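J.: Sequence:
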Amino acid sequence: MKFRLVAMLGLLALALSACQSSQPAPPQQAGREIPKPAPTLAQAINKATDLGPAGPSTIVHLSFGLKVRNPDLLGSLLASGQTISPAAYAADFAPDPALVGRAVTTLNAAGLSAGWRAPSSLIAADGPAPVAASLLNVEINSYRLPDGTLFYAARDQPRLPAVLTHVISNVSGLDDYRRAHGYAVRPGGLIPTDVLSFYNIQALRDAGLDGAGQTIMLPEIDDLPNMSDLDKFASKFGLPPFASVLTVKRDPSWGTPEKPQGETALDLEIIHSVAPMAKLVVYLSAPDFGHGERAFDQMVTDHLGSVISESLGSCEPDTPSGARNVYASIQDRAVVLGISHFVASGDNGAYTCGLDQEAAGSFPSTLPTVTAVGGTSVFESASGVYYKEYAWGSPLDQSGSGGGASQFYAIPSYQKNEAKSAGKGQRQ
Numbered sequence: 000m001k002f003r004l005v006a007m008l009g010l011l012a013l014a015l016s017a018c019q020s021s022q023p024a025p026p027q028q029a030g031r032e033i034p035k036p037a038p039t040l041a042q043a044i045n046k047a048t049d050l051g052p053a054g055p056s057t058i059v060h061l062s063f064g065l066k067v068r069n070p071d072l073l074g075s076l077l078a079s080g081q082t083i084s085p086a087a088y089a090a091d092f093a094p095d096p097a098l099v100g101r102a103v104t105t106l107n108a109a110g111l112s113a114g115w116r117a118p119s120s121l122i123a124a125d126g127p128a129p130v131a132a133s134l135l136n137v138e139i140n141s142y143r144l145p146d147g148t149l150f151y152a153a154r155d156q157p158r159l160p161a162v163l164t165h166v167i168s169n170v171s172g173l174d175d176y177r178r179a180h181g182y183a184v185r186p187g188g189l190i191p192t193d194v195l196s197f198y199n200i201q202a203l204r205d206a207g208l209d210g211a212g213q214t215i216m217l218p219e220i221d222d223l224p225n226m227s228d229l230d231k232f233a234s235k236f237g238l239p240p241f242a243s244v245l246t247v248k249r250d251p252s253w254g255t256p257e258k259p260q261g262e263t264a265l266d267l268e269i270i271h272s273v274a275p276m277a278k279l280v281v282y283l284s285a286p287d288f289g290h291g292e293r294a295f296d297q298m299v300t301d302h303l304g305s306v307i308s309e310s311l312g313s314c315e316p317d318t319p320s321g322a323r324n325v326y327a328s329i330q331d332r333a334v335v336l337g338i339s340h341f342v343a344s345g346d347n348g349a350y351t352c353g354l355d356q357e358a359a360g361s362f363p364s365t366l367p368t369v370t371a372v373g374g375t376s377v378f379e380s381a382s383g384v385y386y387k388e389y390a391w392g393s394p395l396d397q398s399g400s401g402g403g404a405s406q407f408y409a410i411p412s413y414q415k416n417e418a419k420s421a422g423k424g425q426r427q
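Under numbering that gives the first Met the number 0, residue 427 is the last one in the sequence shown; the count climbs by one each step, no gaps.
Warning: the hint list may mix true and false statements.
Simulated crosslink set (DSS-like; lysine-lysine; CA at most 25 Å straight-line) [to be verified]:
1. Lys-278 <-> Lys-231
2. Lys-248 <-> Lys-258
3. Lys-35 <-> Lys-46
4. Lys-35 <-> Lys-66
5. Lys-66 <-> Lys-46
6. Lys-231 <-> Lys-248
7. Lys-278 <-> Lys-235
8. Lys-423 <-> Lys-387
9. Lys-35 <-> Lys-278
Don't read these hints as lab results, they were simulated from the structure. Note that this is a predicted model, so its numbers are computed, not measured.
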């Protein structure tokens, strides 16, 4: 019962991070807009100058997704909703260590620096772009955008050598243009005391349900400000200092996160407001898919908690198929280990990919194995308690809670009653 409550609080906290209050923002903040989606890779390449094949100084960061053993049995386990221990997963489904070892040897012999640690779902491999291009039978070119931004990308689908296909199913990281984006809205939301009152959480606090004994894990791509800033927030609202509950994990193989942009701090502050005694573990990575998948894989391997709160996403049709498949495999492992994963649905309504693109959802919120969470516009009564709330949407600035039908994932059993709706048989 207590775990179920914390999972519900995790969902509430993620929804609140996209919450818009009926109270107007301060004048100096009111003009701040939701960032517009970045152009797709195809659009970026069309605008960019092709600088030719990427040279040896361009280092690519690849994640090779590994095949699970007994995939049909794993599928049945996922469908059943039952969970197992990490030891049981390793025994029945984890990749064959001998086959993985041979694949690592092959990748290193080709000129990459590859490594694997059981029970990881991927092999991490870094190396010069020409080496990766030769190994995977693709052209990796460098490009320069009109504003001077440089990026590399492979325009074709990679072809794995036969020697690797016994244990590797997908590869991610063949461009550094497409990446996850944080979902944070402009100021004007609820403060902790508003949340306790608005959602009647104070009664739970009074009953001793404050997140104690639980751990919430957060994948993030923008760095944190110094701890004193977070603790000023905690002190102002009578919460425990963050130092007593927060752990931040970094690893060179996960790349360098972006400079602080407020998303990570926002996520932590809201969760801490709702569940002040819950432990918080942040996994910081670079925003590109290859690095992010490595951090996500380690998060599931560590299994420090049973709730993941994620405020990241990318245009689903522009997310490389290799990245989607690697991520989905790691998420399958999280599900059977009993980890609940809540993912923000986005800030741009149906136009996650841009106003000039077809309506689409945000990955990974479109995965059937996660809980997609949208934001709301909330309205308080004169006494400051719950009055009403609506799905968040602001047509004037094209912002709003994301959603829509997936282009890749069929409708899951739990949405079968929606099969005849606009999703046309796809996950919604």
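J.: Give a verdict on every hint.
T.: Structure-based check of all given hints:
Distance hint between Lys-278 and Lys-231 is fulfilled; the C-alpha atoms sit about 18 Å from each other, no more than 25 Å. For the suggested pair Lys-248 and Lys-258, the alpha carbons sit about 16 Å apart, so the restraint of at most 25 Å is met. Between the alpha carbons of Lys-35 and Lys-46 the distance comes to roughly 18 Å, so the proposed pair stays at or under 25 Å and holds. The straight-line distance between the Cα atoms of Lys-35 and Lys-66 is roughly 36 Å, outside the 25 Å bound, and the hint therefore fails.
Note on Lys-66 and Lys-46: the hinted pairing is violated, with a Cα-Cα distance of about 37 Å set against a maximum of 25 Å. Proposed proximity of Lys-231 and Lys-248 is supported: the alpha carbons are some 22 Å apart, at most 25 Å. Proposed proximity of Lys-278 and Lys-235 is supported: the alpha carbons are some 20 Å apart, at most 25 Å. Taking the CA atoms of Lys-423 and Lys-387, the gap is about 31 Å. The hint is violated against a cut of 25 Å.
A threshold of 25 Å between alpha carbons decides the hint, and for Lys-35 with Lys-278 the separation of about 33 Å lies outside it, so the pair is violated.
Of the hints listed earlier, those the structure fails to meet are numbers 4, 5, 8 and 9, in rising order.
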